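Position chain B relative to chain A; hints supplied.
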Amino acid sequence: MILSVSGVSKTFGRTPVLDDISLEVPQGSRTAIVGASGSGKSTLLRLIAGFERPDTGRILLGDRALAAPGSSVPAHRRGIGYVAQDGALFPHLTVADNIAFGLPRGRSRAGRVREVMQLAALDPALADRLPHQLSGGQQQRVALARALAPRPGVILLDEPFSALDTGLREQTRRAVIDALERTGTTAVLVTHDQEEALSFGDAIGVMVDGRLAQAGDPAAVFDAPSSAQIAAFLGPALLLPARAHDGVAECALGAVAVRHDLSDGATSVVAMVRPAQVRVDVEAADPSAIVHAVRSIGAMAEVSLLAGGSDPVVVDLAVPLHGLGALRPGSRVALRIEGGAVLYPAEGLQAGDLAPHAVKAG
Amino acid sequence: MLIPVGYVVATAVGLGWNELAPLVFRPRVGELLTNTVLLLVIGVPATIALGVGGAWLVERTDLPARRFFSVLLVAPLAIPAFVSSYGWASAIPSINGLWGGVLVSTLAYFPLVYLPALATIRGLDPALEESARSLGLGPWAVFARVILPQLRLAILGGGLIVAMHLLAEYGAFAFIRFDTFTTAIVVAYQSTFAGPSAASLGVVLAALCLVLLVVEAGARGRARYARVGAGSPHPPVLARLGRARPVAVAALVALGIASTVVPLTNVVRWLGAADASALTELPAAITQTVLLASGGALGAILVALPVAWLAARHPGRVSRALEAPYYLASSLPAIIVALALVTVTLQFVPAIYQTVVTVMAAYVVIFLPRALVPLRAGIAQVPESLEEAARSLGSSPLITRLRVTAPLIMPAMAAGAALVALGAANELTATLLLAPTGTRTLATQFWSAASAIDYPGAAPSAVLLVLLSIPAVALMFSHARGGRIR
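As you go down the protein sequences, you meet chains A and B in turn. Per my numbering, the first sequence runs over residues 319 to 680. Per my numbering, the second sequence runs over residues 5 to 490.
The shape of chain A in the complex, shown without the other chains (with noise of 0.2 Å):
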């Protein structure tokens, strides 16, 4: 069964919230909405439960409406799970009380509990626990297994490891994305978090006010964010004035390949640079760099670099310790740029979303 969203627009009050939003999430793929806090990706994810209506659009699941002008499937007979942020756990009832919450009453239902809790990697002996003496990371499971129990077409999940600790985050995901990998689990996540997002699955959209900016999959998107504000919303960016001709964008890096040109042909451009893509030549005849600061943070060291003649722009990239060697503070060096830059119109982008310029630091 597809989950498809098709022209959905929703307003609070006079503020519109969701506007136009189409999303096809098919059977059994994980899909990931990411977006600052306020792009409405939650109210997107609280229409598709049922515990909002949109105000035009549907909602489909398969071939049943779930949404439609004038008519909406109230939210506990869609047959959609829902993992809120916090969990949401029934305070008042144990660990299995809480799992069995949405199964009917019957002699499989201790079953299921089991089955769901193994699938979430509980503890069988926390079955008999109450919410608050369970660790954050056990309620995130809970609640999952909870959600999972009644087998649902759907399961959607609302930042569901955003309370959680750096650590804990990561190790309750991948037993969450195990969980829904093995029950084949069609799910969609709705995060503020670029690399859950990236991370999650099948497919990422980017949600900029309202809007469904950019969707696909994940490594596509990532390659070629459809602005500058996407791209460097998805990842440290470095965003530089550029000219651009014969396929190589001249900015304060030097002459750099692209690799796509989104420019649509604009006069003036930026050319998109991952930190990650930039190599550091410590030997190179010709240094184009100088070496302003080095501050060493555990097993890294964050390089501050100002390059390019005239008119100096700050770089800061990280570099494994091991891989510093000689670098300090007034070192000339020589920066490349692997795998080429993508161009965007330079319009629209405000002066800060550029690389700092270097007008005093020099």
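Hint data in this document are derived by calculation from the structure and do not stem from the laboratory. As the structure is a computational prediction, the values presented were derived from the model and not from experiment. Idealized CB from N, CA, C, for every residue including glycine. Worth double-checking, as some hints may not be accurate.
Unchecked claim - So the derived label-pair ranges between C-beta atoms look like this:
(1) A/444 with B/387: 20 to 30 Å
(2) A/483 with B/387: 13 to 23 Å
(3) A/444 with B/401: 50 to 60 Å
(4) A/333 with B/22: 51 to 61 Å
(5) A/671 with B/310: 43 to 53 Å
(6) B/401 with A/611: 38 to 48 Å
(7) A/483 with B/68: 34 to 44 Å
What the hints assert, rightly or not - The following residues of chain B were derived to be distant from chain A, with all beta-carbon distances above 12 Å:
(8) 25
(9) 207
(10) 330
(11) 355
(12) 398
(13) 410
Said to hold, decoys possible - Computed list of chain A residues with no C-beta within reach of chain B, every gap over 10 Å:
(14) 344
(15) 348
(16) 394
(17) 622
(18) 668
Okay, now just chain B, sitting in the frame of chain A:
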């Protein structure tokens, strides 16, 4: 709910200015007004000083036996003011007039300021005080410049409640022959029934009440105080009292003796003198009290639930507009509520005049906030995400409320019901006026014996009233200390 408010307005309009003016502008009313206003002007600041000072001493200083004193200061709440007054009057029969009234009511009501002040001080981030200390302020300066300003809401709220109690109190003042509007209305009612004299006094009393509400709302303004920033607060560093320590201990001991020990020892002394005949009527009084009080509690919960739900879940102009008259009606002294119900039942539904139904209705009106406040907090504490989770698991909205919301707000409902029931069990004025002839609650039983100077006969009911009040006081105390009911 609006019957009492409507009654006041209808009386004022119905009598008309020409008839009302001579009733209001007469020397007797001026005398009562002087008494009542003086009582407020002296009594309210006195309770604030005792309540705030006590809360600060037990919470933020190196006072010895702080836990003991923190309980001692709340204990007077368990002694109904009219019982406390009876204790004092039987100890010192010459006690009377304004200063008697101020003494008895201040000692009975200062915990109403102490509790919110205690709750606020406990909720204050000690980091604020530490920052002030590090900026060079001494302990007294910290109290005056950091703690006191944060207590504004607690002081205003507590002070308002004390003022309302002072306006509404009948028994305590009647004992020591101190005349206020409320005692005068009861006397007028008993001699002329709900005649224009009682009614016009009621209008003035209600107007006083309204003035207080407006003054409090104005003084409170839009003030909101909150702890800024996250992180768990750590235990506060206690201010050193130094040489003031013995003085503070002596003051608190004296306060405890005056507010708790004197009334209680006298009650116990009279209990020893009580003969068996005083006990024969007790079982019937207990049964009637329990029935009336639990009926009132049930009614109050049923009325409060939808209002609390709206206020917690759909806060906005509509819910505020709905809530306001409830609070207004409940702020009116019980005597006005009683007068209103007498008038309205006689005029429109004589069938329920002087029946259990009317008494329970009065309890609902008078004690509704006691149910409303915990219920609203209880409902607000149930995250909507829990209900959504239940719906996504296939529970219909009704089933969700039964399986998820109801069990979670049960403690709040129980707390609210208990507070209403205990208030109703102690209620005197409305019960005297409204109850069917022959009804004997513990409070009216106590009253009829005590006002006939049968002190031993009143003692058993007094002891029971105190015992009955202890759970409610314990509940309020643990709330103020931030303890959870669950």
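Now for the hints, and whether the structure bears them out:
1. A/444 with B/387: 20 to 30 Å: 22 Å, holds
2. A/483 with B/387: 13 to 23 Å: Given range 13 to 23 Å: holds, Cβ gap about 22 Å.
3. A/444 with B/401: 50 to 60 Å: Given a distance of about 30 Å, which is not inside 50 to 60 Å, the answer is violated.
4. A/333 with B/22: 51 to 61 Å: 56 Å, holds
5. A/671 with B/310: 43 to 53 Å: 52 Å, holds
6. B/401 with A/611: 38 to 48 Å: About 60 Å separates the Cβ atoms of residue 401 of chain B and residue 611 of chain A, which means 38 to 48 Å is violated.
7. A/483 with B/68: 34 to 44 Å: 42 Å, holds
8. 25: 50 Å, holds
9. 207: Since the minimum Cβ distance to chain A is about 43 Å, residue 207 of chain B lies beyond 12 Å and the statement holds.
10. 330: It holds; residue 330 of chain B is separated from chain A by about 28 Å at its closest Cβ, greater than 12 Å.
11. 355: 44 Å, holds
12. 398: 5 Å, violated
13. 410: 10 Å, violated
14. 344: Residue 344 of chain A is indeed farther than 10 Å from all Cβ atoms of chain B, at 21 Å.
15. 348: Residue 348 of chain A is indeed farther than 10 Å from all Cβ atoms of chain B, at 18 Å.
16. 394: 5 Å, violated
17. 622: Its Cβ never comes within 10 Å of chain B, the nearest being 31 Å, so this holds.
18. 668: 30 Å, holds
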